[in-house]
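Based on the sequences and whatever the hints tell you, model everything.
Chain residues, written in single-letter form:
There are 2 protein chains.
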Amino acid sequence: MTTVDTSLPASLDATLRARLGDGWQVAGDLRRYGEDSSKRWAMPSAIALPDCVEDVVAIVDACREHRIPIVARGAGTSSTGAAIPYSGGVVVSFERMARILEVRPDDRQAVVEPGVLNGDLQRALSPHRLFWPPDPASADQCTVGGNLACNAGGPHAVKYGATRDNVLGLVAVTGRGEVIRVGSNTTKNATGYDLTRLLVGSEGTLALIVEATLKLAPVPAQRAGLRASYVDVASAGAAVARIMAQPETPAMIEFMDAACVRLVREVGGADIPDAGALLMIEADGDRETLPHVVAALERAARGAGLLDLAAATDPAANAALWAARKALSPALRTIAAGKINEDVVVPVSRIPALVAGIEALAREFDLPIVAFGHAGNGNLHANILFDPDDAAQSARANAALPRLFALTLSLGGTLSGEHGIGVAKRDFMDRAFDAPTLAAMRAVKAAFDPDGILNPGKVLPP
Amino acid sequence: MTTVDTSLPASLDATLRARLGDGWQVAGDLRRYGEDSSKRWAMPSAIALPDCVEDVVAIVDACREHRIPIVARGAGTSSTGAAIPYSGGVVVSFERMARILEVRPDDRQAVVEPGVLNGDLQRALSPHRLFWPPDPASADQCTVGGNLACNAGGPHAVKYGATRDNVLGLVAVTGRGEVIRVGSNTTKNATGYDLTRLLVGSEGTLALIVEATLKLAPVPAQRAGLRASYVDVASAGAAVARIMAQPETPAMIEFMDAACVRLVREVGGADIPDAGALLMIEADGDRETLPHVVAALERAARGAGLLDLAAATDPAANAALWAARKALSPALRTIAAGKINEDVVVPVSRIPALVAGIEALAREFDLPIVAFGHAGNGNLHANILFDPDDAAQSARANAALPRLFALTLSLGGTLSGEHGIGVAKRDFMDRAFDAPTLAAMRAVKAAFDPDGILNPGKVLPP
Chain A
1 MTTVDTSLPA SLDATLRARL GDGWQVAGDL RRYGEDSSKR WAMPSAIALP DCVEDVVAIV
61 DACREHRIPI VARGAGTSST GAAIPYSGGV VVSFERMARI LEVRPDDRQA VVEPGVLNGD
121 LQRALSPHRL FWPPDPASAD QCTVGGNLAC NAGGPHAVKY GATRDNVLGL VAVTGRGEVI
181 RVGSNTTKNA TGYDLTRLLV GSEGTLALIV EATLKLAPVP AQRAGLRASY VDVASAGAAV
241 ARIMAQPETP AMIEFMDAAC VRLVREVGGA DIPDAGALLM IEADGDRETL PHVVAALERA
301 ARGAGLLDLA AATDPAANAA LWAARKALSP ALRTIAAGKI NEDVVVPVSR IPALVAGIEA
361 LAREFDLPIV AFGHAGNGNL HANILFDPDD AAQSARANAA LPRLFALTLS LGGTLSGEHG
421 IGVAKRDFMD RAFDAPTLAA MRAVKAAFDP DGILNPGKVL PP
Chain B
1 MTTVDTSLPA SLDATLRARL GDGWQVAGDL RRYGEDSSKR WAMPSAIALP DCVEDVVAIV
61 DACREHRIPI VARGAGTSST GAAIPYSGGV VVSFERMARI LEVRPDDRQA VVEPGVLNGD
121 LQRALSPHRL FWPPDPASAD QCTVGGNLAC NAGGPHAVKY GATRDNVLGL VAVTGRGEVI
181 RVGSNTTKNA TGYDLTRLLV GSEGTLALIV EATLKLAPVP AQRAGLRASY VDVASAGAAV
241 ARIMAQPETP AMIEFMDAAC VRLVREVGGA DIPDAGALLM IEADGDRETL PHVVAALERA
301 ARGAGLLDLA AATDPAANAA LWAARKALSP ALRTIAAGKI NEDVVVPVSR IPALVAGIEA
361 LAREFDLPIV AFGHAGNGNL HANILFDPDD AAQSARANAA LPRLFALTLS LGGTLSGEHG
421 IGVAKRDFMD RAFDAPTLAA MRAVKAAFDP DGILNPGKVL PP
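Residue numbers (the working numbering), protein chains in the order written: chain A, 1 to 462; chain B, 1 to 462.
By construction, these hints were calculated from the structure, which means they are not laboratory data. All values reported here derive from a predicted model rather than from experimental measurement. One or more of the hints may lead you astray.
One copy or two, it doesn't matter: identical chains are merged, so the pair holds either way.
[What the hints assert, rightly or not] Straight-line distance between alpha carbons at most 25 Å, and here's what the computed SDA-like set of lysine to any residue pairs gives:
1. Lys-445 <-> Ser-87
2. Lys-215 <-> Arg-403
3. Lys-215 <-> Asp-434
4. Lys-39 <-> Gly-303
5. Lys-445 <-> Arg-32
6. Lys-445 <-> Glu-266
7. Lys-215 <-> Val-103
8. Lys-215 <-> Val-111
Next up, the structure:
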């Protein structure tokens, strides 16, 4: 935490106190609004809890007048420090703008405020047999606004897309305090610049999203699973490429490296065979089509290096199969209290090279580094495990991180598939993008936020 | 055509002549580079045929120095006048940058230059059993660069997405003459601002795209079709909503209004029943799943107002079924030589209201106006038919157009689903977007092209 001057100009305080009433807080437990799941924190100067778009405009106008930073906040589940108010200023929490404004089942659309929890939205959509595809592990805690901010994904993104693929339009307040209405209520749109997808993933640095029109998908009738074990990552990687090259898109295709397989067997107690790599593949469909989709995926999963293949066609068997995947996170916590969890992405053909490189880094830095995740998109979670009370281990973990990013980029990959950049990866952005491209991003930032008051210090390196 | 000063500064002429050799043309048949499928034209001052990225940078640098307009051009199949050099200047045609640089079947990616024809790309991908989803009617004539410029779609977009959904990364030269590399080689990406999807659909006003990494899809094993006739548009519209609300996404779902049905029967000689509205639905899948997908779509197509339902499960029957759709364009030409073809979009639930409104406009303006197109996305082609040699008819057609856009916007729709804005719809942009949103688009334009040299006068109203 950096020490910053947390005092606010008296006139700003008076203006926003008058406007927001008890939605304006400059005393009390402010710190909880200054931390997130990355375990970083910084103290904000004030918390604003807007109730409507006009409140948000008033906040931006007041802060802009005094060049006070504004940090938009959902539920604080970011793992990148994206919502930490390092420069002090006003944290705008959308907890009072958490209404589902409209569900339009015939158009497969929902209109929501940013503070709605992802899980609450899914429950509201369920009677319509619709869902909103982004499904991060934190779905029950995280907000749609947070999902929009970091372009959240999840295991089903391989078939249904991540957040950016499932948003049709946005209402947002720019750093100039102007309300813009971008996108449309339609699933096709060639009308002017696509500011919708530009704002998604911009982590509150371009505008504050105050309303979103979401694209919904029909809930599949049934699901079935396959578990495929391979002698090594190369065999599993080849299977992923085969699966993704045939027309039956899996609903999920999750990867575990050998270390993860060992962990869920030995610590998690999961009933799976030992293997060099594991794929957990889900299909969805209806009663008639599902067996054929599973069969197509099974054909593609078979090949050199396959050790074992188990199908789970009824819900109970499928749940048992996924229990192994769910056992992973608790098992990881038993190894080490410290974890740097990165969500790097590579082209699917490079998964074996990525995992081999991660294994080499684990040896070089003498730390457990495990890899698992969303193989169909090449989006692996590389977890560097260490004891945070051991200074030497912590130093080695932090030294391994830039090497992980360098490895990913050398394989034609990129820094983040679904967590975003925040501060955690900000200083690696100049390795992912050349100077002219970063300059173009900075120019876009200046276009939306000429005074640089929106979430300063995030996404783009200083 | 507006008369503009077509002379270029001598030093620019000398610089680009030296750089481009016979790829720099200031005399000869320049006009063919100044027209497009909208039947508009204007005379460019010069044609530049770059062979590489460095050539494009040289063109932008030289033009920027003298504030000379640059208009990027693919194959000139735009129907919106997007590539017409109304302000003179240099038309940059990408016909010499038409290489398929790489196909990576394991990653389902292709890297291409912008001048590649869409159809040539599809033929090159075919041996890999992959395709690039955008499938405009002009696929054999239009370029990938043109598809990127206007966010082209086509009938398969309902399942596979339009251009913007099928691009992973771009190399582009901004109006500052800088080469930027945006996006990634991965199908998930949460790394910084999404400039890729911003450039797609920007119609050459933000940057010149010089290379694209495209996302490919596996070719389905088989296709089958359904033809469903309804008593009226309301019944057909309800069927579209039912079809899109169930989990088996159709590969196409094309709509024809009663006037189109009558045309293809009476003029096109198609063997289809008379009806108030027609849906032509395609499914794809493999031998085992396809019958079940067709059955699911058939169940959803059935309902109040269904007159007739015909299935075509073998390729010959499917081809015969689609012959009716293909008979439409030639039949339209027999009615009137003049046609204003707009690609408006509404939420699917509003298709009946859109078609009813179009019928009312046809009566009011005493002109045939027919509607057909991509119902699954609510993206209908409204064709205002008139005799261009009849001044009164032409005037009525032009007067009906703003009313069509007003109707579309009143139904929560937008101006274009796949053709883009160009000049044809530019002056309606301030009805689709409010002033702050247009100001944000202009600020983005200025960020990429501070001197306003890239395709001036397109997309954004003056």
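Here's how the hints hold up against the structure:
Taking identical chains as interchangeable, the C-alpha atoms of Lys-445 and Ser-87 lie at most 25 Å apart only when both belong to the same chain, with a minimum of 18 Å there against 30 Å between chains. Taking CA atoms no more than 25 Å apart as the test, Lys-215 paired with Arg-403 passes in neither setting, with 38 Å inside one copy and 28 Å between copies. For the identical chains of this complex, Lys-215 and Asp-434 are inter-copy neighbours only, at 23 Å across copies versus 33 Å inside a copy, given an alpha-carbon limit of 25 Å. In this homomeric assembly, Lys-39 and Gly-303 never come within 25 Å of each other (Cα to Cα): the closest approach is 43 Å inside a single copy and 55 Å across copies.
Taking the closest pair of Cα atoms, Lys-445 and Arg-32 never come within 25 Å of each other, the shortest separation being 28 Å inside a single copy and 39 Å across copies. In this homomeric assembly, Lys-445 and Glu-266 never come within 25 Å of each other (Cα to Cα): the closest approach is 49 Å inside a single copy and 57 Å across copies. Only within a single protomer do Lys-215 and Val-103 lie at most 25 Å apart by alpha-carbon distance; the minimum there is 10 Å, versus 31 Å between protomers. For the homomeric pair Lys-215 and Val-111, the shortest alpha-carbon distance inside one copy (9 Å) is at most 25 Å, but the shortest distance between copies (29 Å) is not.
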